[in-house]
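Enquirer: The primary structure of each chain is shown beneath.
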Amino acid sequence: MALPLPSGLVPTEVAFLCEMEIITIVPRQRLESIPMLSGKTPALRPPRRADLPLWLALLLKKQRRANIVPPPWLLTASLQELVNLETNVNPEGFSEPPPPPMRSDGRGVARPYAATTSRTGDEDGDTKELTLSSPFLPSCTQDAPSGYLPFHWLEIAETLLAHAADDIPNAPEVRALLRDLQEVRAAKLRASTRHLEGGGGVLKLRGVGAMELAESRGFVLSVVDGVRKLGASIEAGRREEELERREGRGGDESDDDMEL
Amino acid sequence: MPRLPGTSFLTDFHKVPCKFELDVPELGYLDNNPAQPLKSGTTIGLPLWLAELLALANRAPSSADEDAKSFISLNLPPSLSNEVMAALKADPRAVPLRDQSHNFYGLGTRILDLFEEREICAILRRTFVTRAADISLHAGKAGTTDDMGVGAGEDFLRGLEEWERKLFKKAHDGAKSTKEWMEGVKKH
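First to last, the protein sequences are chains A and B.
Every letter in the first sequence is one number past the one before it in UniProt numbering, and letter 207, counting from 1, is 207.
Every letter in the second sequence is one number past the one before it in UniProt numbering, and letter 183, counting from 1, is 183.
Isolated chain A, as found in the complex:
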């Protein structure tokens, strides 16, 4: 092996990426908009809430210039619902990822989050569709749906509990519920490799978070690889048979053609 690093992202890298997530804060001081490569940050005017990347929110929090608003899924009610869902309702699979976010356009119509109505055009206004993915989705702001775990749930929750525990209502209970959730899902991920027995090599990982993937990637990949190797000779035999059958059929057809 040339590189000592494992394939895929390691947990610290995942944690670094999760700092791009947008999170809601309540500023305590005014701060002008900062132009950055990722775009301008909103100007902060207390006590108006604003959405910022997690790393900036944490920086302001450490300087006591802002309070963090925990995302709705990180509240005890939502976490209790999720633990119940994972243990009792659906003890086999993982809970669903959050649905694509919708936003009201002010006229009673829900539109996809990224669709913007241009104000300059005529009254109807044409909507522009933008496809957004992980760091740009509002999965951790105050608008996030409760009862759904976003992709970076574990990292966000751990980071917020470590640095902004005073902003999270009932933090000790949240911590305990998170442990439960993590344990339940880790056990499911371990057991999920049993479905590989048939040799399909397909594992359903819908709803699994980034950190959980980083933790189990090496193990799951090795199991898939092992099952493939064990079945390799049988699989090769099956393919040969199939090929022969197809060739045989092809030969028949050509015979038929000749007869015609």
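Just so you know, these hints were derived from the structure itself, not from any lab.
Please read all numbers here as calculations on a predicted model, not as lab measurements.
Among the hints, a few may not be true.
What the hints assert, rightly or not - When the alpha-carbon atoms are kept at most 25 Å apart in a straight line, the in silico DSS-like pairs for lysine-lysine are as follows:
#1 B/39 with B/89
#2 A/188 with B/15
#3 B/179 with B/169
#4 B/179 with A/62
#5 B/179 with B/166
#6 B/186 with A/204
#7 B/186 with A/62
With chain A held as given, fit chain B onto it using these hints.
Expert: Same frame as chain A, but now just chain B:
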């Protein structure tokens, strides 16, 4: 066949029982009987690499009406025998695979290349995935308690063979790096 680094080449020297199909002079010492030629029908354990070659190669037919025969006929090695398969079928976790062969699955794949045994293949797969789930469980726990977490699963972990040890290491590394990150969150 390309040789992979590591210990997988040791599987080449695993003895498999072979029945000789012809008399071989001067080879009697293999059967502890140096004075006599090696009789046909004698079963002797030969290393896998040699057995593979001899079983697949054909010798020239001695007379015109005779079909080409191989030198030896292979049998299943004892670690893949019916008894072991029955035990694995009953409870995959109860069998210490390392006692059967250090590279049990490696040997299994080599044998499955030679024999078309769908049932053995199915049993091996089932054993592998069932034990993998347990390995992951033990790997997550290892090192968290004072006795290094091997207290309860010590027997099971001692019975892991090569592939399973690699699995254990991967699962353990993953759990460890996540735990390290979680403990380090507060410091930054």
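Enquirer: Determine for every hint whether it applies to the structure shown.
Expert: Consistency of the hints with the structure:
Distance check on the hinted pair: residue 39 of chain B and residue 89 of chain B sit about 37 Å apart at the alpha-carbon level, beyond 25 Å; violated. Between the alpha carbons of residue 188 of chain A and residue 15 of chain B the distance comes to roughly 40 Å, so the proposed pair goes past 25 Å and is violated. Between residue 179 of chain B and residue 169 of chain B the alpha-carbon distance is near 15 Å, which keeps this suggested pair within the 25 Å criterion. A threshold of 25 Å between alpha carbons decides the hint, and for residue 179 of chain B with residue 62 of chain A the separation of about 24 Å falls inside it, so the pair holds.
With a C-alpha separation of about 20 Å, the suggested pair residue 179 of chain B and residue 166 of chain B falls inside the 25 Å cut-off, and the hint holds. For the given pair, residue 186 of chain B sits about 33 Å from residue 204 of chain A by alpha-carbon distance, which is inconsistent with the 25 Å threshold. Between residue 186 of chain B and residue 62 of chain A, the direct Cα distance comes to roughly 12 Å. Compliance with the 25 Å bound is thereby established for this hinted pair.
The earlier numbered hints that this structure contradicts are 1, 2 and 6.
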